[in-house]
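In terms of the working numbering, the sequence shown has 100 at position 100, counting the first letter as 1, and numbering is strictly consecutive.
Worth flagging that the hints you see were computed from the coordinates, not collected in a lab. Fair warning: this is a prediction, and the values are worked out from it, not measured in the lab. Be a bit skeptical, because a hint or two may be false.
In silico SDA-like cross-links for lysine to any residue, where the CA-CA straight-line distance does not exceed 25 Å [claimed, not checked]:
| hint | residue 1 | residue 2 |
| --- | --- | --- |
| 1 | Lys22 | Leu66 |
| 2 | Lys135 | Glu86 |
| 3 | Lys135 | Val82 |
Per label pair, the in silico range of CB-to-CB distance [said to hold, decoys possible]:
| hint | residue 1 | residue 2 | range |
| --- | --- | --- | --- |
| 4 | Ile5 | Ile41 | 18 to 24 Å |
| 5 | Arg93 | Gln50 | 36 to 42 Å |
| 6 | Val123 | Leu8 | 53 to 59 Å |
Beta carbons are placed, not taken as given, at the ideal position from N, Cα and C, and that holds for glycine.
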Amino acid sequence: MRLNIGQLTITSGDGAWIFDGKSTSTKQELPFLNDDNKGMIVDFQVNPKQKVSIAEALNGYSPVKLRLESLENETGEQIIFVLKNEASGTGTRQSGIMLRNRILNAAVESPLRIVIDFSGVPVIASAFADELIGKLVIELGFVGFTQRIQLKNMNEIITPIVNRSVAQRIAEAF
1 MRLNIGQLTI
11 TSGDGAWIFD
21 GKSTSTKQEL
31 PFLNDDNKGM
41 IVDFQVNPKQ
51 KVSIAEALNG
61 YSPVKLRLES
71 LENETGEQII
81 FVLKNEASGT
91 GTRQSGIMLR
101 NRILNAAVES
111 PLRIVIDFSG
121 VPVIASAFAD
131 ELIGKLVIEL
141 GFVGFTQRIQ
151 LKNMNEIITP
161 IVNRSVAQRI
171 AEAF
């Protein structure tokens, strides 16, 4: 609260306690609906323009990103997206978009290498490959993609579909 210079007001009945980010104060004899239902209100406001470090706000504690941690391999060196578990299917453009967004978010939140594991997936649609892999290559750049993303366990059906999607995206971009 102090770092953000926001405000916290707790109102109960006709009284309120107010913290404005710097100091506290109280108010009495505030209006309320009726004597039978005085109620309680907690009004917590933050300043969206004021950046705050969560670790600093929590006195050095940095929260664990459990969603990402659950995707790490045993040694904690890679984030692994197993397609058959993580995608809502591999036949639609929409499922490719959703998974690409999750992978991009992981790339922003963690410096670890990201593995997209195709094991157990017999085939993917070209629209899915385009949204997931083709657009990832364009968004991260070819070098950035090869440094951050690894494609693993693609079979002889999936490999040419991905190669064609990436080639078409690169040709469109340039």
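Checked hints:
no., hint, verdict
1, Lys22 / Leu66, "violated (33 Å)"
2, Lys135 / Glu86, "holds (18 Å)"
3, Lys135 / Val82, "holds (19 Å)"
4, Ile5 / Ile41: 18 to 24 Å, "holds (21 Å)"
5, Arg93 / Gln50: 36 to 42 Å, "holds (39 Å)"
6, Val123 / Leu8: 53 to 59 Å, "holds (54 Å)"
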